[in-house]
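K.L.:
One letter stands for each residue in the lines below.
Protein chains: 2
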Amino acid sequence: MSILVVGSVAYDDLETPFGKKERILGGAATHFSASASFYSPIQLVGVVGQDFNETEIAFLKQRGVDLSGLQIQSDGKTFHWKGRYGYDLNEAQTLETHLNVFANFNPVLPQHFRKSPCLFLANIDPTLQLEVLKQMENPKLIAMDTMNFWITSKPEALKKILKKVQVLMVNESEARQLTQERNLVKAAKKIRKWGPEIVVIKRGEYGAILFTNDFVFSAPGFPLEDIKDPTGAGDSFAGGFVGYLSKHNGRLDQTDLKRAVICGSVMASFQVEDFGLDRMRHLTKKEINERFQAFKALSHFEENLII
Amino acid sequence: MSILVVGSVAYDDLETPFGKKERILGGAATHFSASASFYSPIQLVGVVGQDFNETEIAFLKQRGVDLSGLQIQSDGKTFHWKGRYGYDLNEAQTLETHLNVFANFNPVLPQHFRKSPCLFLANIDPTLQLEVLKQMENPKLIAMDTMNFWITSKPEALKKILKKVQVLMVNESEARQLTQERNLVKAAKKIRKWGPEIVVIKRGEYGAILFTNDFVFSAPGFPLEDIKDPTGAGDSFAGGFVGYLSKHNGRLDQTDLKRAVICGSVMASFQVEDFGLDRMRHLTKKEINERFQAFKALSHFEENLII
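Chains as they are written, first to last, in the numbering used here: chain A, 1 to 307; chain B, 1 to 307.
Keep in mind that the hints are not guaranteed to be accurate.
Copies of one chain are not kept apart here, so a pair can be met inside one copy or by any two copies together.
[As the list claims (entries may be wrong)] Below are the DSS-like pairs computed for lysine-lysine, each with C-alpha atoms no more than 25 angstroms apart in a straight line: (1) LYS134 to LYS286; (2) LYS140 to LYS190; (3) LYS20 to LYS186; (4) LYS21 to LYS286.
Just so you know, these hints were derived from the structure itself, not from any lab.
If we strip away everything but chain A, and leave its shape as in the complex, we get (with noise of 0.2 angstroms):
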């Protein structure tokens, strides 16, 4: 199944302890793109400037992301973000956010992407995400993002979309934000009252937990000696999570749920390896299918009765 996702594109400034890039390409949408195109064919919404690289573009096409979809805006610049991570490289330090052409984004859907069965809304308004969903057909999936700032500043249109979906992913901050609830599990109880029955909770460097009325499932954060740049490893792992189950038709069953978040975490430890998108402009299938069994080593233990 084809997924549609609707978000940021962006040029990035980054700098980490382990290096300085200016002007890379970024953005959730794209990030969700490159990844989740390893599993799924992609179809991108979204808004750049005149500035934005006939590169990107190719780069774009080449994974298999149906750009029909993204508005080319000749009189504005593409979004900016300038972040800075320091050694913990848990949390950005924003230096600059220039929303440019980001700022007027009013997603239109071409009416080929409208009949998408898979939708995934990346991290914008949530007024915009409800917009995006009325023009959608019949969409058998939808998984979701957002942020602290709409938490604060939407919570109505958010608590509208919320009812929407099947799937919601977000941080660990912000789960305890929505719900005022520290324990994950309260949080993810309360959010699946308000409409998501699968609640998909990140959880950096330690990994991530899912949530249903029936299960839970927890998977590691892979093991690195090296992370270059943490920048989108929550979109990243949102592309291998919906892509995998796009690529199975969508079944929501135990089984595929836990593997897609296997999956989605095998794309967010790619992700780090190495600044903006560069480690998936060379990321083999042969390499997704090792660090996938590189996870089974990692969290498999043998399972006869211990005492």
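Chain A is already provided as a structure; the job is to place chain B on it using the hints.
P.N.:
Coordinates of chain B only, in the frame set by chain A:
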């Protein structure tokens, strides 16, 4: 195989958001013993004062703990710790510490303890850990814990004892402080160069991760809706980990080490369900086996290739 444990036996006053308890049984050696006793016979070396209650003695004996090495000083009081946890439950705030008889603890091993094949050196002064080791005849398996205080105040003695143990079990911040490495893969590598071939890093609600020269294994924290009191979770973990290994003759192969990490996680997950040692008082082998299986459901996935 029996396990000799040397460490603190204490009374704790505890305050968590879920209640307040005074003078309940605590201490690293006690928590370790209660947990490990589900797997192996325990020999405890520690010190208490005249105020130490007969009912505590009875509880430990009933759990199969040999108390021949428990010194009872009639002219002093038992080590007493008073602590408080906020809603995040990750960090205890120490309100009072009265070392009392523990201040001059001089661990002397009864003759029949010296042949013990397995030794756990709970968190005490590394010079005392060295003293204990000198009294042992030929232990097959030695594991130890330490803390920030000794890392700062006794680095030389700590390096000496590290050379002589197979397993170091510390929490994340201690591993980082000890090695001056933020990255845990690098931190574990550094520690392994100093002696212990196995490094287990405890990560509180995020679980635990084990490093050897050959493999890495990650266990999730068990997602609990109600955590009443995190005190002793680390020592309960150590009890399950060392207890399992000792039950299986101290074998350190991959299969057993992975299962040992899960046993540690299982015991820690029970430990935090009630105050002090209360959960351990009525825990059953059936519950332990069931939670072991629950860890499997929480972390295993179907492993055929994904793309």
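K.L.:
Looking at the structure, which of the earlier hints fail to hold?
P.N.:
1, 4
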